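So the chains spell out like this:
There are 2 protein chains.
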Amino acid sequence: MCDGFDVGISRPCDLLYLPRLEFLPVSISFQIEAISGSGRAGKLVTPHGVVETPVFMPVGTLGSVKGISQDLLEELGVRILLGNTYHLYLRPGVDIVRRMGGLHRFMSWERAILTDSGGFQVFSLNELRKVTEEGATFRSHLDGASHFLSPERSMEIQIGLGADIVMAFDECTEYPADGARVRASMEMTLRWAGRSKRYFEEHKNEVPWGGSSQLPALSSQPVALGSQPPGASRQGLQIPRFARDDNSEPDGDDNSGGADFIGQTQALFGIVQGGMDRELRRESALRTVEIGFPGYAIGGLSVGEPRELTREIVESTLEFLPADKPRYLMGVGTPEEIALYGGMGVDMMDCVLPTRAARHGLLFTSEGRVSIKQVRYAEDSGPLDPACSCFVCGRYSRAYLRHLYASNELLAQVLNTLHNLHFYLETMRRVRESMLGRAQGCT
Amino acid sequence: MCDGFDVGISRPCDLLYLPRLEFLPVSISFQIEAISGSGRAGKLVTPHGVVETPVFMPVGTLGSVKGISQDLLEELGVRILLGNTYHLYLRPGVDIVRRMGGLHRFMSWERAILTDSGGFQVFSLNELRKVTEEGATFRSHLDGASHFLSPERSMEIQIGLGADIVMAFDECTEYPADGARVRASMEMTLRWAGRSKRYFEEHKNEVPWGGSSQLPALSSQPVALGSQPPGASRQGLQIPRFARDDNSEPDGDDNSGGADFIGQTQALFGIVQGGMDRELRRESALRTVEIGFPGYAIGGLSVGEPRELTREIVESTLEFLPADKPRYLMGVGTPEEIALYGGMGVDMMDCVLPTRAARHGLLFTSEGRVSIKQVRYAEDSGPLDPACSCFVCGRYSRAYLRHLYASNELLAQVLNTLHNLHFYLETMRRVRESMLGRAQGCT
Numbered sequence: 085m086c087d088g089f090d091v092g093i094s095r096p097c098d099l100l101y102l103p104r105l106e107f108l109p110v111s112i113s114f115q116i117e118a119i120s121g122s123g124r125a126g127k128l129v130t131p132h133g134v135v136e137t138p139v140f141m142p143v144g145t146l147g148s149v150k151g152i153s154q155d156l157l158e159e160l161g162v163r164i165l166l167g168n169t170y171h172l173y174l175r176p177g178v179d180i181v182r183r184m185g186g187l188h189r190f191m192s193w194e195r196a197i198l199t200d201s202g203g204f205q206v207f208s209l210n211e212l213r214k215v216t217e218e219g220a221t222f223r224s225h226l227d228g229a230s231h232f233l234s235p236e237r238s239m240e241i242q243i244g245l246g247a248d249i250v251m252a253f254d255e256c257t258e259y260p261a262d263g264a265r266v267r268a269s270m271e272m273t274l275r276w277a278g279r280s281k282r283y284f285e286e287h288k289n290e291v292p293w294g295g296s297s298q299l300p301a302l303s304s305q306p307v308a309l310g311s312q313p314p315g316a317s318r319q320g321l322q323i324p325r326f327a328r329d330d331n332s333e334p335d336g337d338d339n340s341g342g343a344d345f346i347g348q349t350q351a352l353f354g355i356v357q358g359g360m361d362r363e364l365r366r367e368s369a370l371r372t373v374e375i376g377f378p379g380y381a382i383g384g385l386s387v388g389e390p391r392e393l394t395r396e397i398v399e400s401t402l403e404f405l406p407a408d409k410p411r412y413l414m415g416v417g418t419p420e421e422i423a424l425y426g427g428m429g430v431d432m433m434d435c436v437l438p439t440r441a442a443r444h445g446l447l448f449t450s451e452g453r454v455s456i457k458q459v460r461y462a463e464d465s466g467p468l469d470p471a472c473s474c475f476v477c478g479r480y481s482r483a484y485l486r487h488l489y490a491s492n493e494l495l496a497q498v499l500n501t502l503h504n505l506h507f508y509l510e511t512m513r514r515v516r517e518s519m520l521g522r523a524q525g526c527t
Numbered sequence: 085m086c087d088g089f090d091v092g093i094s095r096p097c098d099l100l101y102l103p104r105l106e107f108l109p110v111s112i113s114f115q116i117e118a119i120s121g122s123g124r125a126g127k128l129v130t131p132h133g134v135v136e137t138p139v140f141m142p143v144g145t146l147g148s149v150k151g152i153s154q155d156l157l158e159e160l161g162v163r164i165l166l167g168n169t170y171h172l173y174l175r176p177g178v179d180i181v182r183r184m185g186g187l188h189r190f191m192s193w194e195r196a197i198l199t200d201s202g203g204f205q206v207f208s209l210n211e212l213r214k215v216t217e218e219g220a221t222f223r224s225h226l227d228g229a230s231h232f233l234s235p236e237r238s239m240e241i242q243i244g245l246g247a248d249i250v251m252a253f254d255e256c257t258e259y260p261a262d263g264a265r266v267r268a269s270m271e272m273t274l275r276w277a278g279r280s281k282r283y284f285e286e287h288k289n290e291v292p293w294g295g296s297s298q299l300p301a302l303s304s305q306p307v308a309l310g311s312q313p314p315g316a317s318r319q320g321l322q323i324p325r326f327a328r329d330d331n332s333e334p335d336g337d338d339n340s341g342g343a344d345f346i347g348q349t350q351a352l353f354g355i356v357q358g359g360m361d362r363e364l365r366r367e368s369a370l371r372t373v374e375i376g377f378p379g380y381a382i383g384g385l386s387v388g389e390p391r392e393l394t395r396e397i398v399e400s401t402l403e404f405l406p407a408d409k410p411r412y413l414m415g416v417g418t419p420e421e422i423a424l425y426g427g428m429g430v431d432m433m434d435c436v437l438p439t440r441a442a443r444h445g446l447l448f449t450s451e452g453r454v455s456i457k458q459v460r461y462a463e464d465s466g467p468l469d470p471a472c473s474c475f476v477c478g479r480y481s482r483a484y485l486r487h488l489y490a491s492n493e494l495l496a497q498v499l500n501t502l503h504n505l506h507f508y509l510e511t512m513r514r515v516r517e518s519m520l521g522r523a524q525g526c527t
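First to last, the protein sequences are chains A and B. Residue 503 in the numbering used here is what sits at position 419 of the first sequence, and the numbering runs on without skipping anything. Residue 133 in the numbering used here is what sits at position 49 of the second sequence, and the numbering runs on without skipping anything.
Hints in this document: simulated from the structure, not taken from any laboratory. Since this is a predicted model, take the numbers as computed values, not measurements. Keep in mind that the hints are not guaranteed to be accurate.
If chains are identical, the list can't say which one is meant, so a pair holds when it fits in one copy or spans any two.
[As the list claims (entries may be wrong)] Derived pair list, reagent style SDA-like, types lysine to any residue, alpha-carbon separation capped at 25 Å:
{"no.": "1", "residue 1": "LYS457", "residue 2": "ARG391"}
{"no.": "2", "residue 1": "LYS150", "residue 2": "GLY478"}
{"no.": "3", "residue 1": "LYS457", "residue 2": "ASP155"}
{"no.": "4", "residue 1": "LYS457", "residue 2": "HIS171"}
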C-alpha cells in the first residue's frame, strides 16, 4: 500500500493495478508506481497504449507535429500527442476525420492522443469571438467564416476526432481580470463542465474506433509498459496501414476502427479555472471534482502572469485534486518548468515551446539555450549538446545546423524540432527516473 | 570478356576489374557488370563507396536534400548525392566547408558526392553575369555582391568542397542559338576543359579528406557492393560523428579527413557541349575525350528544347563517348526519361524535378502523376501508390497527405519528397535489374 499522498488514498499502486469496476467503462486507468515528495511516477493506461508519467505531450496541432513523421515520433519515444480541436475542426474538418476512422487512423498514429476542447484557441481569437452562456461564436482565422462552439459541440467534435482523452469545454479567463469577472468566468466553466460531461456520457459510444458495445472497458489482464497495442508490428509499434502486394483499397468502407476497442471509450477530463485567486482555484477544483472526471487539468495559466505566480497557483490547486487521478497542467512550459511541475505532482504537460522555438532556431541544451543562427557557430564542429543522445547531436555539428538555419533549409526545422522534442522528453524521463529511484517503494 | 559495345572495348568487366595503373591516382573506377542493348549495369567505385549504375542522384543544393535527413537518404538507398558549387560557394562558403573537413564531413554524409562546376547556375543568372574568355563575372542572387568564376576558380572551390566527382567548368550554351554562337561556345568549353584539367591535376592533392600522399589511389582488392566505407557502423553505413559519453570536441583541430583516404583524390569529369547540332556534339565529344577524363557528362540539354530533340542529341552524343567510362546526363528528367536514358547507356543522372515537384504537391506514382492538393483525395483512404514500397505509401493515406498539403504543414514537404525520391530511385533500380536479368553475361 502507498501512503504519503497529500490527500490520503488507500489503493494498491503496484504494476498490476487496474481501476475498480465501478469506473468502467472508462477506458483509462492511472497507476502510481512511486511517490517522491509531492511528485509521483505513474502509468496512464489508455485504449492506445500505456503512457509513463510525468509526461510531456508534443503538440500536433493539425494531426502532425510540424516536420516530424510519425516514425520519428515513435523513435523519440512519444507515447501521447496533443491535437488541437479548433484547428482540426477547421481543417480537415471533423466529418472527414470521423469518416476516415478517427484521428489515430487518419494520421496513422496508434499511440495515445489527447485533444483540447477548442476553448483556449477560440478565446485567443480576441476580436473574432463572442461568448455567451450558450457557447462561443467565432470567426475562422483562415477565411473569416462564422462558427459556434459550445460544450455540446466541442464534445461532439472531440468524440468524432476520437482522441483517447478529451477535455471539457472551458473558458480560459483572461489576465489580468477583476475578482467578479474571474468568479463569473469560473462559474460558467463549472456549468460548461456539467454540460460537457452530460453530452459526453450520452454520446461517448459514438467514438469512431469502437465503443458501441457496453462490455467492460478494460481487460482484466495487467498491461505491461512497452507492450504493443493490438496489431502492432513495425519498429515494435507502428501498424502499416496497407498490406503490400495488394492493390485493393485497405479496409474498404469499414471505418469503424475494428473490434480491438470494443467497449472502450474516451476519457473526459475536467478543467480547473479561477484565475490567479487561490481561493477561487480551491473552489473550482473542489466543485469540478464533485462533478467527477477520470482526470483533471489546471487551465488558465501561462496567460501572461509572472512565472512565480504560475507556480503558486499550480501548487495551491494541486492540493485539491485527487491524488489517484492524473493531473494535467495545460500549456506549460520551459524545460525548467516541466521539471519543476513534474516534481510537484503534475502528471501531464504540453507546450508549443519546444517545437515553435526550434523552428525559430532556439534550441534547448544541457548547457543552456543556443540560438543556432549566431555566427559564432559557423565553424563550430562540436555537437549541439555534448550531453545529448538524440539523432541530431549524434550526427551533425553546430556548424552544419547553423548553415541549414542561415540558408533557410527545410532540414533546419526538422532537425531542430527533433532535438528540442528529445530534450523535453528526456527532461521528463529524468524527473520520472529520479522519482522512481528516490521514492519510497510501492509494494 | 564483354563485347557488343557500340565502340569496341576489350577489357575484362568482371567484378574485380580495376583501372590500369596509368590512370592512378584517380580514385574512381567503373565496372560494367552487364550490357543490354545500348544500356549497361555497372558499379562506380568512389572513395566514399560503391554506386550501382545507372543511378539517379538526388540534388542536395546546399548540402541538404531539402527536408530529408541524411539517415533517411541512407534508408532510401541513396549512394551518391549532387551538391551545387555555386550555392555552396555563396553559403556557407568554400573556406568554411574546407576548414570543416570538406562537404562529406560538414554534412555528415559518408557516401559519394558529385559537385557541378557552378557554370550552369551562373549562366542561369542571365542579367547578373558577364562571360569572357577568362571566366564569368556574376552577381549573387542573395545580396548582389560581385563574384568571379573561372575554370581555375571552379576547380579550387570544388577541391575545397571535396566531392568524389567534380565537373569541368563549362559554358552551357543557350537555346536557341545560331551555329556560329554554338561553335564559339563549344570551343570555349573545350579550352576551359583543358584549363580545368590542368588546375585540377596540379591541385587535386589538396582535397580536404586526403590526397596528400602520392600512393596509388585504389586498393588492389575488389570492392564488394554493400561493403562499408572505413569506420561505418549504424544502419550499415552511417558514421556517427560524435562519440557518446565524451564531452570533448570531436576530432579537435584535425580536419584533414584522416588516413583512410591517403593517396585518394577526386575524379574530374569532362562535359560535352555543342548545342542541338549533332556534328558539333560529335566534335565536342571526341575533343573532350582527347583531353582525357575518367568520366564524361552531356551538358547543355533540358534548356528548353523539345523532348524528342533532347533524346536525339543524347543518342548521337553517347556514340562518341568511351563505353568503358561512366556517362553522366546532366539535369534530366522525368521518371520516363531517366528510364529511357538509363536504357540507352547513360550511367548517371540528376534532376531537381522529384524534390521540387514534391514540394509543390506533384507526386509520381505507378499510376501516373498525382496532384495531391486536389479535393478528390480529401477522403481517399488508399495509399498514394498501391504498388510503392516506400515509407509514405506504407503508412499514410492520400487523404492525410492531401490534408497536410492543403494545411501547409511542413510534413507534407518531407513525406512528398520521400515518396518522389523513392520512386525515382526505384525506377532506376528496375532499369538496372532489368538489364542485369536480360543482359548477356559478363564473365
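For each hint, the structure was consulted:
1. LYS457 with ARG391: Neither, since 27 Å and 43 Å both go past 25 Å.
2. LYS150 with GLY478: both (22 Å within a copy, 20 Å between copies)
3. LYS457 with ASP155: Classified as between; 23 Å across copies, 28 Å inside a copy.
4. LYS457 with HIS171: Between. Shortest inter-copy distance 18 Å satisfies the 25 Å Cα cut-off; intra-copy 30 Å does not.
Going through the hint list in order, the structure does not satisfy hint 1, though it satisfies all others.
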